[in-house]
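If you read the sequences in order, they're chains H and F. Read in my numbering, the first sequence has 440 at position 440, and its numbers run on one by one without any break. Read in my numbering, the second sequence has 190 at position 190, and its numbers run on one by one without any break.
If you're looking for bench data, these hints aren't it; they were derived computationally from the structure. Just so it is clear, the structure is predicted and the values come from calculations on it, not from any experiment. There may be inaccurate statements among the hints.
Cross-link-like lysine-lysine pairs, in silico, DSSO-like; alpha carbons within 27 angstroms at most [what the hints assert, rightly or not]: (1) F:K339 x H:K44; (2) F:K264 x H:K341; (3) F:K133 x F:K432; (4) H:K44 x F:K488; (5) H:K432 x H:K341; (6) H:K54 x H:K399; (7) F:K341 x H:K264; (8) F:K339 x F:K399; (9) F:K5 x H:K5; (10) F:K315 x F:K341; (11) F:K5 x H:K399; (12) H:K264 x F:K349; (13) F:K498 x F:K488; (14) H:K264 x F:K343; (15) F:K44 x H:K339; (16) F:K264 x H:K349; (17) F:K264 x H:K339; (18) F:K161 x F:K133; (19) H:K498 x H:K436; (20) F:K343 x H:K341; (21) F:K5 x H:K343; (22) F:K480 x F:K279; (23) H:K264 x F:K481; (24) F:K399 x H:K5; (25) H:K488 x H:K525.
Next come the chains, spelled out residue by residue.
2 protein chains.
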Amino acid sequence: MTMMKTPLLMKTLMDRGPMFAPDVEIVSKMRGEIHRYTYADLGKRGKQLANALKELGVRQGDRVATLAWNSYRHLEVYYAVPCMGAVLHTLNLRLSAEHLAYIINHADDSVICVDEDLLPLLERIADQIRNVKHFIVFTNSGNFTTKLAPAHDYDKLIQGKSSHFVWPEIDENSPMGLCYTSGTTGNPKGAMYTHRSNYLHTISQCMADGMGVTTADTVMAVVPMFHANAWGLPYSGCMLGFKQVFPGATMDGASICQLLQDEKVTITAGVPTIWLGVKAELEANPGKYDLSHLRSMTCGGSAPPRALIDWFESKLGVEFVQAWGMTETSPLGSVARLKPKMKDWPREKQLDIKQRCGIIAPGLEARVVDDNGNEVEHDGLAMGKLLVRGPWIVSEYYKADAPERFPDGWFDTGDIATIDREGYLAIADRAKDVIKSGGEWISSVDMENILMAMPGVAEAAVIGVTHVRWQERPLACVVKKADAEITKEDVLRFLSDKVAKWWLPDDVVFVDAIPKTSVGKFDKKVLRVQFENYQLPT
Amino acid sequence: MTMMKTPLLMKTLMDRGPMFAPDVEIVSKMRGEIHRYTYADLGKRGKQLANALKELGVRQGDRVATLAWNSYRHLEVYYAVPCMGAVLHTLNLRLSAEHLAYIINHADDSVICVDEDLLPLLERIADQIRNVKHFIVFTNSGNFTTKLAPAHDYDKLIQGKSSHFVWPEIDENSPMGLCYTSGTTGNPKGAMYTHRSNYLHTISQCMADGMGVTTADTVMAVVPMFHANAWGLPYSGCMLGFKQVFPGATMDGASICQLLQDEKVTITAGVPTIWLGVKAELEANPGKYDLSHLRSMTCGGSAPPRALIDWFESKLGVEFVQAWGMTETSPLGSVARLKPKMKDWPREKQLDIKQRCGIIAPGLEARVVDDNGNEVEHDGLAMGKLLVRGPWIVSEYYKADAPERFPDGWFDTGDIATIDREGYLAIADRAKDVIKSGGEWISSVDMENILMAMPGVAEAAVIGVTHVRWQERPLACVVKKADAEITKEDVLRFLSDKVAKWWLPDDVVFVDAIPKTSVGKFDKKVLRVQFENYQLPT
Numbered sequence: 001m002t003m004m005k006t007p008l009l010m011k012t013l014m015d016r017g018p019m020f021a022p023d024v025e026i027v028s029k030m031r032g033e034i035h036r037y038t039y040a041d042l043g044k045r046g047k048q049l050a051n052a053l054k055e056l057g058v059r060q061g062d063r064v065a066t067l068a069w070n071s072y073r074h075l076e077v078y079y080a081v082p083c084m085g086a087v088l089h090t091l092n093l094r095l096s097a098e099h100l101a102y103i104i105n106h107a108d109d110s111v112i113c114v115d116e117d118l119l120p121l122l123e124r125i126a127d128q129i130r131n132v133k134h135f136i137v138f139t140n141s142g143n144f145t146t147k148l149a150p151a152h153d154y155d156k157l158i159q160g161k162s163s164h165f166v167w168p169e170i171d172e173n174s175p176m177g178l179c180y181t182s183g184t185t186g187n188p189k190g191a192m193y194t195h196r197s198n199y200l201h202t203i204s205q206c207m208a209d210g211m212g213v214t215t216a217d218t219v220m221a222v223v224p225m226f227h228a229n230a231w232g233l234p235y236s237g238c239m240l241g242f243k244q245v246f247p248g249a250t251m252d253g254a255s256i257c258q259l260l261q262d263e264k265v266t267i268t269a270g271v272p273t274i275w276l277g278v279k280a281e282l283e284a285n286p287g288k289y290d291l292s293h294l295r296s297m298t299c300g301g302s303a304p305p306r307a308l309i310d311w312f313e314s315k316l317g318v319e320f321v322q323a324w325g326m327t328e329t330s331p332l333g334s335v336a337r338l339k340p341k342m343k344d345w346p347r348e349k350q351l352d353i354k355q356r357c358g359i360i361a362p363g364l365e366a367r368v369v370d371d372n373g374n375e376v377e378h379d380g381l382a383m384g385k386l387l388v389r390g391p392w393i394v395s396e397y398y399k400a401d402a403p404e405r406f407p408d409g410w411f412d413t414g415d416i417a418t419i420d421r422e423g424y425l426a427i428a429d430r431a432k433d434v435i436k437s438g439g440e441w442i443s444s445v446d447m448e449n450i451l452m453a454m455p456g457v458a459e460a461a462v463i464g465v466t467h468v469r470w471q472e473r474p475l476a477c478v479v480k481k482a483d484a485e486i487t488k489e490d491v492l493r494f495l496s497d498k499v500a501k502w503w504l505p506d507d508v509v510f511v512d513a514i515p516k517t518s519v520g521k522f523d524k525k526v527l528r529v530q531f532e533n534y535q536l537p538t
Numbered sequence: 001m002t003m004m005k006t007p008l009l010m011k012t013l014m015d016r017g018p019m020f021a022p023d024v025e026i027v028s029k030m031r032g033e034i035h036r037y038t039y040a041d042l043g044k045r046g047k048q049l050a051n052a053l054k055e056l057g058v059r060q061g062d063r064v065a066t067l068a069w070n071s072y073r074h075l076e077v078y079y080a081v082p083c084m085g086a087v088l089h090t091l092n093l094r095l096s097a098e099h100l101a102y103i104i105n106h107a108d109d110s111v112i113c114v115d116e117d118l119l120p121l122l123e124r125i126a127d128q129i130r131n132v133k134h135f136i137v138f139t140n141s142g143n144f145t146t147k148l149a150p151a152h153d154y155d156k157l158i159q160g161k162s163s164h165f166v167w168p169e170i171d172e173n174s175p176m177g178l179c180y181t182s183g184t185t186g187n188p189k190g191a192m193y194t195h196r197s198n199y200l201h202t203i204s205q206c207m208a209d210g211m212g213v214t215t216a217d218t219v220m221a222v223v224p225m226f227h228a229n230a231w232g233l234p235y236s237g238c239m240l241g242f243k244q245v246f247p248g249a250t251m252d253g254a255s256i257c258q259l260l261q262d263e264k265v266t267i268t269a270g271v272p273t274i275w276l277g278v279k280a281e282l283e284a285n286p287g288k289y290d291l292s293h294l295r296s297m298t299c300g301g302s303a304p305p306r307a308l309i310d311w312f313e314s315k316l317g318v319e320f321v322q323a324w325g326m327t328e329t330s331p332l333g334s335v336a337r338l339k340p341k342m343k344d345w346p347r348e349k350q351l352d353i354k355q356r357c358g359i360i361a362p363g364l365e366a367r368v369v370d371d372n373g374n375e376v377e378h379d380g381l382a383m384g385k386l387l388v389r390g391p392w393i394v395s396e397y398y399k400a401d402a403p404e405r406f407p408d409g410w411f412d413t414g415d416i417a418t419i420d421r422e423g424y425l426a427i428a429d430r431a432k433d434v435i436k437s438g439g440e441w442i443s444s445v446d447m448e449n450i451l452m453a454m455p456g457v458a459e460a461a462v463i464g465v466t467h468v469r470w471q472e473r474p475l476a477c478v479v480k481k482a483d484a485e486i487t488k489e490d491v492l493r494f495l496s497d498k499v500a501k502w503w504l505p506d507d508v509v510f511v512d513a514i515p516k517t518s519v520g521k522f523d524k525k526v527l528r529v530q531f532e533n534y535q536l537p538t
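Use the sequences and the hints to build the structure in full.
Structural data, given as structure tokens:
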């Protein structure tokens, strides 16, 4: 071998912050108080934690779980556990007790680090998770009681431990992180990241055309550390040594605006809901906040409304970048930036591009295919299944759940997408929600977005209902606003000049509410059961 | 395996330009004329070339050499040869005939692509390189004669070939590129890059903190494509699809300034000599050029003078970034950017940092060690051997030449360096030039730089001469300017408040000229022989 086969290990990247940015701050908002320390502290406490975990019996490959908000302690676990060769398993604190117990047992977690205020979530399932050997509690009071045993105070546990730890040289394909998807059907499925996959994801994220984060930035991820590793930003932070800001559990518009201002944040990232809240706060309080340091915001999780993108760019002068990814893609899969030639395009045409979720990241490949596996036309209209491939995409779920999602070495995202002439992807629907009418696909999401912009409409969901001739036809389920007077004809008229004629729902029903999942997404599964035998007019 | 083991192949990166930036320009200056085409053309012609090479019998692993200036045709070879699984061997056209023949045979090149005007270089050694099966000539006239055989016209050879080629899926550790170092002693030694090493180098280079190139940039590498792959920029260009500009063979200040202006270049890279020429041209012609698009320039190869860095930043308002690397490091090893806290530092202190060659790149590791292998103090003063390690560093020379350069899995760069408290490296000397006095090291380069700034001094070299008590002591060899009247005492006085007292040369000799190598570097080997038995005053 002519080039060094130095393994791609997270330790090589993550030690750079403590080494080259020892005096740079890491800021955590903790119940209103601001905690500050530096990468030197992170390095020291992280190694103390590694020694403590080793003494508790944690060995290479063992799962160390977290059930916690974003904070410096959580970051210490992010740092120490992969570097020492163990596996960081971030538990989603929004899950049902049933799913939480399932996941802890499926992952075979040996240790759980838990925020004091989240202890009740674990206590409720204490007798179902008997294989967990230790609970380590993040506590500010230093004074907690729990029926979980044995339970340690995190700070006391690491206190006095050696701050020296030689990270092991291990195989780059060793596991280092585990995240479960909160699937709406069946049990959650685990994505097991490796050192190699996460190393490549991290440097890819830091490309100027990726999220473009630099050593000189102050970055606030308004993304839970239990969601796809907070989009990988804690890792990039440790590699580059940029100032990191953790917003804690309060993510309302006012709290976020205050932190963006006070910490002089330059790059931030979050889901559309967060930015809707920030926009509302800024509009309600003109001149209150100085956000002049902010230069770029990344938006993912779901498609942001066009007006939101435009408002941040035109009114606030901040670059608004849509990105796409999933737990199974580490998560960064695509980023929507304008190509140079588009800089002179009319604004509306630019927004057409910025509403798409971007071009597949360098190093990954994407295909949009029809039911026969053939690539659809790149015209921005033809819909197909989005398949992806690359070194930071899962090749199987942990313990080989759901093998049908991995056809021919690709990962079937479960998204229905289009791809335009310029190579930009857009997510049209989730595969299970798309309506299949006479062999053609109709996007439920597109029509819902249009309907929810209609005056008098509070919420709307569109589902497929069995049809003798077309297999499926769309049915619109609409929730009126309190005082609204709208009819089926109004709804169809509103849609008629905005979608293809054959997309128009065969019927409209008015309902009191759209059923929702525990995380607040439309639960169309429930709607479909409810309207299973619905008779469409002929 | 839970994550895809998709191999890290250059084809995945390099196909992105043709795919996502088909209409972006690639501009080549060819003997005064400007040639323009697009990434779509590159993709098409590159695949035609692959088919042509396949028909000529080129198989996976075979070496295809180039002896050429920078141009779109050279780029097509850069693209096609690695993607088809063969090895791109870039021949240095400045080498002696003897070394050229040695390298071609050592590499066992089966094909050589050669610029028409460089044919004489090969004809001179025609009877020594009989294993080469085909010569392919880059010609604009379409009309050349040569005694080399068989010789093909490049454009005619690829014309009519299919522009369809399915790049093979090969092992990521397969070789893809070969560069020889023009060593000043012994035969040149080969660095054989692999797909994996070059893939990692490419994405690392595109990090915002690396060279920071983006899709939106126009990049001109004023670095020969036969020198360490033009610092990797042709690969980054194909991956990101940015506009590339090739300056051709004319690299004087006026030509470079004209291209920077006409093509609206935003990022450029080259050695100090280039930027000295550009500075002279701009100073001689104030207001002549509009370089307002230029935002950043990277400088490597040797240390740029402090005044040069300051001039470009203060006078021209362009970020001037020093980088360090070598053929053996792919080449990018370190980049000198200011840390955020340094933004408020006094200018002179900032320049102290910018004169150093930077912090080791993410993914690589550096150690500066004394003769016993212990790390020297990080105080910016203690000198030691610079060792590096990482996935884009050579692990051995091709055919295992010079194994002593690879102690314990590290690569001994042959540079003597210091590292400061902030982690910035600086190259103090080449190991073979450093003067070892009583167990301590004296940097010849530092004293030469000081002496060459002394009024009346045209050139100066400092070498070690054998000394009974101290093993070695410095001797300054000084070339006076034509009309200068300076004495030994003047020289020592000038040095005395700028270096440690024990560094002061024991003697000064005035010489007519400093001997130079074929590429214009000081040839201290010759000087050392000349003064081998020099009697230092006691």
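Legend entry - 27 angstroms Cα cutoff - pair K339 of chain F, K44 of chain H: Holds, because 22 angstroms separates the two Cα atoms, which is no more than 27 angstroms.
Inset, instruction - Compare the distance between the alpha carbons of K264 of chain F and K341 of chain H with 27 angstroms, and conclude whether the hinted pair is satisfied. - result: Holds, at roughly 14 angstroms.
Legend entry - Pair hint K399 of chain F and K5 of chain H, alpha-carbon separation not exceeding 27 angstroms: 17 angstroms, holds
Inset, instruction - Quickly compare the C-alpha distance for K5 of chain F and K399 of chain H to 27 angstroms and report which way the hint goes. - result: Holds - the C-alpha atoms of K399 of chain H and K5 of chain F are around 17 angstroms apart, at most 27 angstroms.
Inset, instruction - Sort out whether K349 of chain F lies within 27 angstroms of K264 of chain H, counting only the CA atoms. - result: Holds, at roughly 25 angstroms.
Inset, instruction - Given the hint that K264 of chain F pairs with K349 of chain H, test it: the Cα-Cα distance must not exceed 27 angstroms. - result: Between K264 of chain F and K349 of chain H the Cα gap is close to 25 angstroms, so the pair holds against 27 angstroms.
Inset, instruction - Would you check the hint for K5 of chain F and K5 of chain H, treating anything up to 27 angstroms between C-alpha atoms as holding? - result: 15 angstroms, holds
Inset, instruction - For the pair supplied as a hint, K315 of chain F and K341 of chain F, confirm whether the alpha-carbon distance does not exceed 27 angstroms. - result: 23 angstroms, holds
Inset, instruction - Take a quick look at whether K264 of chain F and K339 of chain H sit within 27 angstroms of each other, Cα to Cα. - result: 16 angstroms, holds
Inset, instruction - Given the hint that K133 of chain F pairs with K432 of chain F, test it: the Cα-Cα distance must not exceed 27 angstroms. - result: 39 angstroms, violated
Legend entry - Satisfaction of hint between K264 of chain H and K341 of chain F, Cα-Cα up to 27 angstroms: Holds, at roughly 14 angstroms.
Inset, instruction - Quickly compare the C-alpha distance for K54 of chain H and K399 of chain H to 27 angstroms and report which way the hint goes. - result: Status holds; Cα separation ~26 angstroms.
In this structure, the hints that do not hold are numbers 3, 4, 5, 8, 20, 21, 23, in rising order.
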